[in-house]
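Colleague: Position 69 of the sequence shown, counted from 1, bears residue number 68 in numbering that gives the first Met the number 0, the numbering being contiguous throughout.
What the hints contain is simulated information worked out from the structure, not anything from laboratory work. Honestly, I wouldn't trust all of these hints.
[To be verified] Ranges of calculated distance between the beta carbons of each label pair, as one might list FRET restraints:
#, residue 1, residue 2, range
1, Tyr140, Arg181, 33 to 39 Å
2, Tyr140, Ile83, 21 to 27 Å
3, Lys142, Tyr52, 18 to 24 Å
4, Gly65, Gly153, 41 to 47 Å
5, Phe87, Phe158, 16 to 22 Å
6, Val67, Tyr138, 19 to 25 Å
7, Lys112, Asp166, 21 to 27 Å
8, Gly60, Ile146, 20 to 26 Å
9, Phe93, Asn132, 17 to 23 Å
10, Asp164, Ile122, 19 to 25 Å
[What the hints assert, rightly or not] List of simulated lysine to aspartate or glutamate pairs, EDC-like, C-alpha gap at most 16 Å:
#, residue 1, residue 2
11, Lys199, Asp166
12, Lys112, Asp81
13, Lys199, Glu95
14, Lys199, Asp165
15, Lys112, Glu184
Since this is a predicted model, take the numbers as computed values, not measurements. Just so you know, even glycine gets a beta-carbon here, dropped at the ideal spot from N, CA and C.
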Amino acid sequence: MKKLFLFIVFLLPSLLIAQVKKDSLQVSKSHLESYNEQEKPKALSDNGQFFIYDFSIPFRGNETYGEVDENGNRSDYWFLPDGIGAKFGYGIHFSEWIVFSLNAGFDVVAQQKLFSVPVYGSIVLTPRISDENSILLQYGYGKSFAIGRGNLSGYYNKFRIGFGDDDFLLFADVSLNGFGVRNIENTGSFSLGIAIPTYK
0 MKKLFLFIVF LLPSLLIAQV KKDSLQVSKS HLESYNEQEK PKALSDNGQF FIYDFSIPFR
60 GNETYGEVDE NGNRSDYWFL PDGIGAKFGY GIHFSEWIVF SLNAGFDVVA QQKLFSVPVY
120 GSIVLTPRIS DENSILLQYG YGKSFAIGRG NLSGYYNKFR IGFGDDDFLL FADVSLNGFG
180 VRNIENTGSF SLGIAIPTYK
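Construct all of the structure, not just a fragment, from the sequences and the given hints.
Modeller: Written out as structure tokens, the structure reads:
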């Protein structure tokens, strides 16, 4: 009887301690699984809404490059800022990198004394080249309206290439208007800018 009592006294605490440790491990595992589930990013659906905002600065060739003015200052820049532009686009993405969008905005080109409002559709491609970075390819076609010049309007073409991540993209683009001003048959601009895409 004494041996049985001693056996129970020493064995029972050991069983209780083992059970407590097992329960603690299960609780810790449960918390870890919940944390990992919360940390997983929400997968982008195959189809959804797409928004893009962009801001750009057109540049023109420096006609006085290499020349020295009357104050002895040399003109060392090949290109000079020549205005400002901004666009907004809304569309549908059919995968993470194929988008069709409708866009509108404005372009101001100082040398041409032109303020225009383009409205156009575009296809946007943003294929990934790494886990974090993508390239941007965009072609747009639509109509451009010259503000303050009567009914002057024409076609609008845009070609764009860029590079960046999910938050913003740096780009260079060329835009062409199907109308002329100041002895320029087809106005347009070369611009550098930043685009902010949003997928929903």
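Colleague: A separate judgement is required for each hint: does it hold in the structure or not?
Modeller: Status of the hints after comparison with the structure:
no. : hint                           : verdict
1   : Tyr140 with Arg181: 33 to 39 Å : violated, 25 Å
2   : Tyr140 with Ile83: 21 to 27 Å  : holds, 23 Å
3   : Lys142 with Tyr52: 18 to 24 Å  : holds, 21 Å
4   : Gly65 with Gly153: 41 to 47 Å  : violated, 35 Å
5   : Phe87 with Phe158: 16 to 22 Å  : holds, 19 Å
6   : Val67 with Tyr138: 19 to 25 Å  : violated, 42 Å
7   : Lys112 with Asp166: 21 to 27 Å : violated, 35 Å
8   : Gly60 with Ile146: 20 to 26 Å  : holds, 25 Å
9   : Phe93 with Asn132: 17 to 23 Å  : holds, 21 Å
10  : Asp164 with Ile122: 19 to 25 Å : holds, 21 Å
11  : Lys199 with Asp166             : holds, 13 Å
12  : Lys112 with Asp81              : holds, 10 Å
13  : Lys199 with Glu95              : holds, 10 Å
14  : Lys199 with Asp165             : holds, 12 Å
15  : Lys112 with Glu184             : holds, 14 Å
Of the hints listed earlier, those the structure fails to meet are numbers 1, 4, 6, 7, in rising order.
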